[in-house]
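Asks: From first to last, the protein sequence lines are chains A and B.
So the number in our numbering is just where the residue sits in the first sequence, counting from 1, plus 506.
So the number in our numbering is just where the residue sits in the second sequence, counting from 1, plus 506.
Derived by calculation from the structure, the hints in this document are not laboratory data.
Since we're looking at a predicted model, the values are computed, not measured.
Yeah, the Cβ is synthetic: ideal placement off N, Cα and C, and Gly gets one too.
Keep in mind that a hint or two might mislead.
So the derived list for chain A, only partly shown, Cβ under 7 Å to chain B, looks like this [to be verified]:
no. : residue
1   : Asp659
2   : Gly660
3   : Pro682
4   : Gln776
FRET-style restraints, in silico, Cβ to Cβ [to be verified]:
no. : chain 1 : residue 1 : chain 2 : residue 2 : range
5   : A       : Lys594    : B       : Asp708    : 42 to 52 Å
6   : A       : Ser772    : B       : Thr655    : 51 to 61 Å
7   : B       : Glu587    : A       : Ser772    : 33 to 43 Å
8   : B       : Glu587    : A       : Glu678    : 19 to 29 Å
9   : B       : Glu793    : A       : Leu792    : 49 to 59 Å
10  : B       : Asp681    : A       : Glu678    : 48 to 58 Å
11  : B       : Pro591    : A       : Leu792    : 53 to 63 Å
12  : A       : Gly774    : B       : His684    : 34 to 44 Å
13  : B       : Ala794    : A       : Leu792    : 48 to 58 Å
Which residues of chain B face chain A? A partial, calculated answer using Cβ under 10 Å [as the list claims (entries may be wrong)]:
no. : residue
14  : Asp569
15  : Asp571
16  : Gly580
17  : Ala581
18  : Ala584
19  : Val621
20  : Glu656
21  : Asp659
22  : Ala764
23  : Arg770
Each chain, letter by letter, is given below.
Number of protein chains: 2
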Amino acid sequence: MIYERVALIGLGLIASSMFWAMRRGDVAGHVTGYARSAETRDTARRIGLCDTVCDDLVETVKDADLIVLAVPVGAMGAVAEAIGPHLKPGATVTDVGSVKQTVIDTVGPHLPAGVHFVAAHPMAGTEHSGPESGFATLFDNRWTLIVPTEQSDGDSVTQLERYWHALGANTERMDPDHHDLVCAVVSHIPHLIAYTMVGVADDLRRVSDSEVIKFSAAGFRDFTRIAASDPTMWRDVFLTNKDATIEMLGRFTEELFALQRAIRTSDGEQLHAYFTRTRAIRRGILEAGQDTDAPDFGRAKVER
Amino acid sequence: MIYERVALIGLGLIASSMFWAMRRGDVAGHVTGYARSAETRDTARRIGLCDTVCDDLVETVKDADLIVLAVPVGAMGAVAEAIGPHLKPGATVTDVGSVKQTVIDTVGPHLPAGVHFVAAHPMAGTEHSGPESGFATLFDNRWTLIVPTEQSDGDSVTQLERYWHALGANTERMDPDHHDLVCAVVSHIPHLIAYTMVGVADDLRRVSDSEVIKFSAAGFRDFTRIAASDPTMWRDVFLTNKDATIEMLGRFTEELFALQRAIRTSDGEQLHAYFTRTRAIRRGILEAGQDTDAPDFGRAKVER
């Protein structure tokens with residue numbers, strides 16, 4: 507057992523997956539859970555999510571050895587402020603937010619001396635949200651980034667890493683600034699672009715929504731999948747990772763304009779060279795085990 | 507049987523899938539195939555792709571009732587010129603290119619009177635290419651757009667539609683301009699954006715390729731999948747659908763800048779409203795049967 511008592515604050519996709527992953531092995535003794543909405547708490551009780559679902563935030567964290575903040579990034583400061591005075595000395599507080607510098611800045615000041623804060627970010631998810639969307643294998647062979655600060659206690663960090671390994675994940679330590687830049691590139695900007703493309707398609711008078719929907723198999727469907735993610739979570743991501751997002755958007759539009767120019771001037775060589783180069787990254791991802799080689803656009807099994 | 511003799515010119519993902527789909531039922535009597543590269547022809551013979559693989563283009567189309575041009579859009583004019591004088595009177599020529607006005611303009615003039623040209627575009631594919639990437643179910647419940655011109659013979663059009671239905675696809679008729687606009691939105695621009703995003707990530711000095719690869723599960727992976735598609739095919743798509751591509755890119759960057767502005771000015775309401783709206787299109791796609799609701803980001807089965 508890695509933690510005797512674990513408290514999950516917020517019972518969405520990530521926290522519910524953490525619970526089911528904890529239940530696969532001897533990871534935690536007792537797990538309490540809290541969600542702001544009574545409906546979510548009722549659902550959690552109905553499906554057996556958490557050993558105890560509490561109606562009260564303070565009751566949830568009482569005696570907990572690990573407290574996991576699994577609420578949108580914009581809500582974390584308020585939660586930390588509410589629970590801070592009630593935490594057990596020696597407890598570890600962590601989070602699962604997609605942005606790290608903001609979380610460290612807003613959560614840290616509310617925690618009393620003797621309570622350890624270690625920020626973390628599991629790089630896994632689906633386009634679904636809510637307490638019923640979680641599943642035990644979500645983190646298997648995915649990466650959880652551990653983002654300690656200079657004040658983080660070494661033993662707390664190591665224990666949290668062991669916890670994530672027990673949930674199936676690999677871990678890597680990263681400093682907050684670098685984390686926020688890496689995530690802007692691999693996650694935040696791709697999401698913003700997908701949202702934008704879906705919005706453009708929806709706006710277009712000359713192409714009907716039903717045409718967009720019927721013919722989506724050819725590339726657009728992956729965008730809609732990304733763009734179906736939780737709006738509140740993503741709003742908070744962009745508002746709290748503003749600098750890295752805007753910097754990367756600048757790089758993206760610069761590059762897009764260069765390709766647009768190649769199209770306008772019929773520079774086939776430049777286009778071909780560019781499209782060839784991007785294949786190598788795809789191969790790297792397959793080799794790194796982060797995806798399978800099975801054809802996915804058709805969402806069909808290979809059969810002859 | 508819908509056609510006695512079918513000739514497939516170009517033996518990549520689409521043509522090989524068409525062959526295996528024809529083999530599922532009584533769709534065609536005899537299928538010949540041709541590929542420019544001897545290596546592709548050898549592979550085709552080894553895996554039993556086509557009843558006869560020909561080393562000569564003219565021999566391939568001799569006596570054929572249906573000739574399918576399944577080469578990159580930029581190569582179709584030359585192929586049509588080479589086969590035009592050798593086509594059987596009454597034969598139908600079709601294609602599977604992603605752009606239609608250009609194909610109609612470049613192929614049509616090379617075909618003799620008495621040979622019917624009906625352009626078509628199966629909206630299905632995967633990120634894989636080559637003769638070994640095809641599978642029989644690729645077109646099942648997908649859409650093939652049939653793009654007749656004013657000169658197209660009515661019976662030829664109807665017969666080609668019956669052929670695509672036999673391969674598992676639904677069909678819809680569309681005029682060339684509208685086809686090229688719809689495809690710019692649902693396919694061409696999404697591909698260009700995915701290529702761009704992968705290129706930006708690859709260029710970035712401060713984030714290593716191995717970081718991009720390791721942490722790709724969180725949205726970026728779908729982009730790399732799209733960007734792994736065949737470079738020659740996509741170069742030709744952008745060069746031949748230039749007007750619609752550039753118009754839609756303009757709309758896309760306009761919209762992206764609006765979201766960037768909302769981020770810069772911390773307009774959370776606008777972001778939330780935008781991200782909420784895009785969920786509806788996703789729901790529409792699920793309801794239209796063009797995707798499944800299974801969580802895909804994690805590429806893992808739902809298990810508790």
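Asks: All the hints need checking, so say for each whether the structure fits it.
Replies: Verification of the hints:
| no. | hint | in the structure |
| --- | --- | --- |
| 1 | Asp659 | 26 Å, violated |
| 2 | Gly660 | 24 Å, violated |
| 3 | Pro682 | 14 Å, violated |
| 4 | Gln776 | 9 Å, violated |
| 5 | A:Lys594 / B:Asp708: 42 to 52 Å | 47 Å, holds |
| 6 | A:Ser772 / B:Thr655: 51 to 61 Å | 25 Å, violated |
| 7 | B:Glu587 / A:Ser772: 33 to 43 Å | 21 Å, violated |
| 8 | B:Glu587 / A:Glu678: 19 to 29 Å | 57 Å, violated |
| 9 | B:Glu793 / A:Leu792: 49 to 59 Å | 32 Å, violated |
| 10 | B:Asp681 / A:Glu678: 48 to 58 Å | 53 Å, holds |
| 11 | B:Pro591 / A:Leu792: 53 to 63 Å | 45 Å, violated |
| 12 | A:Gly774 / B:His684: 34 to 44 Å | 26 Å, violated |
| 13 | B:Ala794 / A:Leu792: 48 to 58 Å | 30 Å, violated |
| 14 | Asp569 | 27 Å, violated |
| 15 | Asp571 | 24 Å, violated |
| 16 | Gly580 | 8 Å, holds |
| 17 | Ala581 | 12 Å, violated |
| 18 | Ala584 | 15 Å, violated |
| 19 | Val621 | 29 Å, violated |
| 20 | Glu656 | 21 Å, violated |
| 21 | Asp659 | 26 Å, violated |
| 22 | Ala764 | 9 Å, holds |
| 23 | Arg770 | 6 Å, holds |
Consistency note: the structure conflicts with the earlier hints numbered 1, 2, 3, 4, 6, 7, 8, 9, 11, 12, 13, 14, 15, 17, 18, 19, 20, 21.
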